[in-house]
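Peer 1: Residue-level listing of the chains:
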Amino acid sequence: MSRRSLLRGAALGAGAVTLPALLTACGGGPGGDGKTVTLGSNASDPVPKKAFADAFKAYAAQSDGRKVKVNTVDHNTFQENINRYLQGKPDDVFMWFAGYRMQFFAKKGLLYDISDNWQHYAGFSDALKDQSSGEDGKQYLTPYYYYPWAVFHRKSLFTERGYQVPKTLDEYVALAKQMKKDKLDPIAFCDKDGWPAMGTFDYINMRTNGYEFHKSLMAGEEAWTDKRVRDVFDTWRRLLPYCQPGANGRTWQEAATSLQKREAGMTVLGLPHPGAQFPKDEQGDLDFFPFPEISPEHGQDAVEAPIDGFLLAKKSKNLKNKKTLESAKDLVRWLATGKAEDIYLKSDPNNIAVSEEADTSGYSAIQKKAVELVSGAKQISQFLDRDTRPDFASTVMIPAIQKFISSPNDVDGLVNDIERQKKTIFASD
Amino acid sequence: MPFISGRRTGRRGTRRYTRRDLVVLGVLLGLPVLLDLAIVWGPTLASVVLSFTSWDGIGDIEWVGTRNYVNLFTNYPQFWPAARHNLLWLAFLGLVATPFGLLLAVLIDRGVRFSRFYQSTLYMPVVLSLAVVGFIAQLVFSRDQGALNAVIGDTETPTDWLGDPDLNIWMILLAAAWRHTGYVMILYLAGLKAVDQSLKEAAAIDGASEAQTFFRVVFPTLRPVNVIVGVITVIESLRAFDIVYAVNHGRNGLELLSVLVTDNIIGEASRIGFGSAIAVVLLTVSLGFVVTYLVQELRGEKDR
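Protein sequences, first through last, are from chains A and B. Each residue of the first sequence is one higher than the one before, starting from 1 at the first, in my numbering. Each residue of the second sequence is one higher than the one before, starting from 1001 at the first, in my numbering.
The hints are simulated quantities; they were obtained by calculation from the structure and are not laboratory data. These numbers come from a predicted model, not from an experiment. No residue lacks a Cβ here, since even glycine has one placed at the ideal position from N, Cα and C. Hints should not be assumed to be uniformly reliable.
Unchecked claim - Here are the computed distance ranges between Cβ atoms for each label pair:
hint, chain 1, residue 1, chain 2, residue 2, range
1, B, Ala1131, A, Lys108, 45 to 51 angstroms
2, A, Lys155, B, Phe1135, 54 to 60 angstroms
3, A, Lys50, B, Gly1288, 42 to 48 angstroms
4, B, Leu1174, A, Asn76, 26 to 32 angstroms
5, B, Leu1035, A, Gly109, 33 to 39 angstroms
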């Protein structure tokens, strides 16, 4: 090889390094054609991916020439990159979660206000509207589906042994005691992935102190050293002897499987979790009851039901074009109808439609019961990691709850730890 | 050719290279240096600078001085366990797994029966990535469905090998050592094959016992291999990440500095300033080892 060609190679190499930067600098035409809406999707699993594709196809069919161009990204990757995604070159419409996790981005000015769209929405409860609103009271999210959390169990096991569904915590504990006598693990319990036990914390907290306290605790406005938080951990400690030991080494799949195998009597999870571990012919045997009442003042008012939906990204270049903006709003307006949800849920029956106008006649018994549970709820919470700052949930709460599970006796040290870290994190803005 | 003529015509010692040679040299040397600066030193310095700021990846970058470090040392329960685990990792690989690999290499080199078989079996895990080793470890150590509890028949009160924070780091170290031992063994085997047989014979004639021959004669000749193994052991322990991440995202007794960096920077958390501070701590620890190693090596060069 001559020196000259080496030199040329070197120059080309240098070009290759700078070229991508130049390309990104000039990419993206102004505004698009006004009819095509790009949509960032985190639905990378085959079942929801197909279900969404069906829904968008149906949208294109009924609109005059408008269509949706979907960019699917792996679920976890999408979640991890959301910060950079929304600041960089986001799609016009994207999928995300309701609650604080959405409000966080609304506050940073990265989301489009779609309050005018909401005036046309029908069939959404006030609780849903609340979860779709930012702290400024404007709406940013179009909800699409949700799944409730509850105490799941096997119908046949309950009738076989004559167990009664408990209404209050005392009845719950009494039932657990009976199950222990019957050589069952009363409550299947897991937290290896770091999030499943958060559902139990949320429920004990909301039943003890109410939804408003949950909300302000998650917003960093209450002290974790407060007696009310200690009460939550104390109640939880009362339940721990009836939970499967070794929860930090168990995945939710394993916990749900022990319920399915009749080794455990009950478990606190979301609808799709045990649903996915029950074989087809045993699905009908899966049942649930709402988490029992702890304080009569709050009863069983709140239901934990994470909502997923669609939002418009403020930084999207195409939305600067009025026509494209109108198309994007038209798309989410259509997605907000019951009919649009029916099309989706036909292919993905592990969730529930949010709209009251959705056709529920094809639902399984447990889906119908889930609808009743949520529509009867006075408040809907999202989930600990969706109701608070992401940095707080992942770097403080996950280790804290795992620590509580493995050594439940030092509640004072635990809440002090949480409170100190909370202060620094919530002060960092 | 200008290179040769330039050398001939010029006075001795000066102007050995034409202008064009200088340009070529400049480009060929300069590019790698620039790349190194841009890809290695740039981000490193950026991390150091960012570690004195609070930044969530969206808003403005705010200068906070040493607050991240104070926070890290006093107010982050996972930090000290993570630092301890990194050191434990180093000690375990260095004092247990590496000598064990050496022992196996010596045994196989002496030609025990079925040595080919042992050699390939022990080397097998090395072809697996540590993440895969992590998945295998879960199949073996899982409390409810793991092979180990099934084999020892521990069903009444099964041991929670991976969930018990006092226990799981040891199980993971075992799994990591399973792979590390094979790696070390193969390196030493290669080194032992290269040891001159006449040295051993001479030692035998002088009446040295087998142990004496090994420690006084063979082992010192393995110095180059020892250096490589040492470096590999240090690198493996400081960059340990994938195996604990595969098992439980490095939580609940499996904390490591590398995991804390990832937890804080990657993902929605985006505590970039704070995460950078942890990265700087890891960098400092690594630099300690790198500098020690370089000083030793340079000194060794001089003595030789």
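Peer 1: Hint by hint, note whether the structure agrees.
Peer 2: Taking the hints in turn, this is what the structure says about them:
no.	hint	in the structure
1	B:Ala1131 to A:Lys108: 45 to 51 angstroms	violated, 34 angstroms
2	A:Lys155 to B:Phe1135: 54 to 60 angstroms	violated, 35 angstroms
3	A:Lys50 to B:Gly1288: 42 to 48 angstroms	violated, 53 angstroms
4	B:Leu1174 to A:Asn76: 26 to 32 angstroms	holds, 29 angstroms
5	B:Leu1035 to A:Gly109: 33 to 39 angstroms	holds, 37 angstroms
In this structure, the earlier hints numbered 1, 2 and 3 are contradicted, and the remaining ones agree with it.
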